[in-house]
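Novice: These protein sequence lines are chains A and B, in that order. Each residue of the first sequence is one higher than the one before, counting from 199 in the numbering used here. Each residue of the second sequence is one higher than the one before, counting from 8 in the numbering used here.
Just so you know, these hints were derived from the structure itself, not from any lab. You may find that some hints are simply not true.
Covered stretches of chain B, as calculated for chain A (at least 3 residues, CB under 8 Å) [as the list claims (entries may be wrong)]:
| hint | stretch |
| --- | --- |
| 1 | 127-136 |
| 2 | 155-166 |
| 3 | 175-182 |
| 4 | 187-197 |
| 5 | 221-233 |
| 6 | 391-403 |
| 7 | 466-480 |
The C-beta atom is built at its ideal place from N, Cα and C for all residues, glycine as well.
Here's the letter readout for the chains.
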Amino acid sequence: MKEQDLGMKHSELWSSLFWILLAAATIALASRFPFGDFREPGPGLFPILISLIILGLGLILFFRSLLRTKEEFNVTVRSLGAVSRVILVLLLLLGYAVFLERLGFLTVSFLLILLHLWIVYPQRWWIRLAAALGGSLGCYLIFEVWLQSQLPKGFLPF
Amino acid sequence: METILHNVLFGFGVALTPVNLFYCFAGVLIGTMIGVLPGIGPPAAISLLLPGTFYMDPVPAIIMLAGIYYGAMYGGSTTSILVNIPGETASVVTTLDGYQMARQGRAGRALGISAFGSFIAGTLGIIGLMFLAPPLIRFALRFGPPEYFALMGLGIVLVIFLSQGSAVKALLMASLGLLLSTIGTDLISGAYRFTFGSFVLIDGIGLIPLTMGMFGVAEVLINIEEGVDRNIFSGPVRGLFPTKEDWKRSIGPILRGSGIGFFLGILPGGGAVLASFASYATEKRLSRHPEKFGTGMIEGVAGPEAANNAGSTGSFVPLLTLGIPSNVVIAILLGALMIHGLQPGPLLMTKRPDLFWGVITSMYLGNIMLLILNLPLIGLWVQLLKIPYTLLFPFILLFCLIGVYSLNSSTGEIILMIIFGVLGYAARKFRYEVAPLVLSLVIGPLLESAFRHSLILSGGSFSIFVQRPISAILIGTAFVLLLLPLLPRKRKAPQIDIK
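Next up, chain A with everything else stripped away, as it sits in the complex (with noise of 0.2 Å):
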């Protein structure tokens, strides 16, 4: 299958600019923590000298993309509804932690396995409800009975 180009033309050049950012971040972040002397170094002292090296090898990956003559590799995705499936996951699985501890965790591991195989891989009915049905039991016996995990009930009285 033919993969599809995010349009990521620059794709060295974007992440330099995310390291020589966090490296600004942290840089100031890490001056407020006492910085101590090379005697008796204080909490600061470590974080700012790795974010000093982030910064510098940011600063090479900035500049070898610009000075670079062949093409840069692109970020390419198998297809766009691929693409969707996965934010589509990310959702279902920070669902997952909103709900937890209202809902009880028999509830949402069942939810869980149930939207999954609706909603991003569709399957038919009668597997779905297998599925969600077995793995949520599944885990409750394998966490909450055998390794004695204090998972939460939410409305559920086990």
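Fit chain B to the known structure of chain A by using the hints.
Specialist: Same frame as chain A, now just chain B:
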């Protein structure tokens, strides 16, 4: 010699208890299954199961986690031979000749020699580990903070030097790992760094949310986006026992692969992946018919499969003796030991001989289990490969979610895992390697502590790192390795054509 024999017998006494045998079996079985399934590597599998070991005694826990690692090396070959997709990275080169052998109706022999080769190499690697560990520990007892700083620095540099992509990018990822390791409470001054008032970040970035995000979630996201095309070899798998001729051609590559694998496994950044590539290149160079490699040469399966197993065993040497991880899986195991309240390093052997020798001897038992397991279970693994991946994804994600939540009963950890999942996905898309980041995150606190203690010891003078001979040699080596890519010479990539 007598002491080693005594220790080995003591180790077998620990490893042969029913509980430890059970967890060893569980580890190698799960490891083989993980190795068989493309897309879920050993780091993800170990991260997934790590929370489950919190309530266990550390000995069976580490025995099981180690079993997953070397078990995955066995399992990876099955997928490489039957599906032409490596089950994990260390089996990439096995696809070249293994799949061709399967197409020629010799799948059974390819699987058989890979199982026997892995067994021989694994066993030789364990013997090497038993003999090498005690003298290395005696040597490591001379280490102070400057030596530890230099050794860990060299470890990170080696990982960068041996990375497949851009050295600058690998160095950036390693630096990010070090930066992330500073988040949380500073162990020397007690100050909070980069916590932003968040309770979740006070203890620092957890290894489990990070590895589950970067390996578990990111791998699922990549597989969802890119898809996994599988063309499973459909012919019958017969004749698993190699013939006399197969043995004659394979024994040399197996022994060479064992040696190469073990010594490359010890090197930081080495491990099973590099070992398998080096073994393939060596066999191709030594062969009278190098042009036939890639067309179904049994030497191309036997050597790399032996090497990746010996490499995984060799990588336990720096962990158990120096407390330093040589690759990402060992870094996670180091984290697991620390979570269980153990400090890996030269004192581990004297403080916890049950764990040290128990784990080593369990690896020998695990190798026997793998040999017995692998050949009869090949049919089952083929069936497993036929399960649609789309059905497996929600279960992997659910395991990640519950595993991370059960750490501290905090949804904040889940959010962290999702963030690292996105970061891991982006890293793959922008061609950044994740391994240097994880390795640096684990080493980070030890490295910073050794750095600051060295400066305190020397009264603020950086010369302490070059005045002590061991530290000077290690730092000198690190500098040479960092400067080598700058020399006007092309970095030589392994001459292996993977189509």
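Novice: All hints, please: hold or fail.
Specialist: Consistency of the hints with the structure:
By the rule of at least three residues with a Cβ nearer than 8 Å to a Cβ of chain A, the coverage given for the stretch 127-136 of chain B is violated, with 0 such residues. Counting residues of the stretch 155-166 of chain B whose CB lies closer than 8 Å to any CB of chain A gives 0, so the stated coverage by that chain is violated, three being the minimum. Here the stretch 175-182 of chain B counts 5 residues with a CB under 8 Å from a CB of chain A, which clears the bar of 3, and the coverage holds. For the stretch 187-197 of chain B, the proposed coverage by chain A is satisfied: 4 residues have a C-beta within less than 8 Å of a C-beta in that chain, meeting the threshold of three.
Here's how the stretch 221-233 of chain B fares: 6 of its residues keep a CB closer than 8 Å to some CB of chain A, so the rule of at least three is met and the hint holds. A stretch counts as covered by a chain when three or more of its residues have a beta carbon under 8 Å from one of that chain; for the stretch 391-403 of chain B and chain A the count is 5, and the coverage holds. For the stretch 466-480 of chain B, the assignment as covered by chain A holds, since 4 residues bring a beta-carbon within under 8 Å of that chain's beta-carbons and 3 suffice.
Checked against the numbered hints given earlier, the structure breaks hints 1, 2 and satisfies all the rest.
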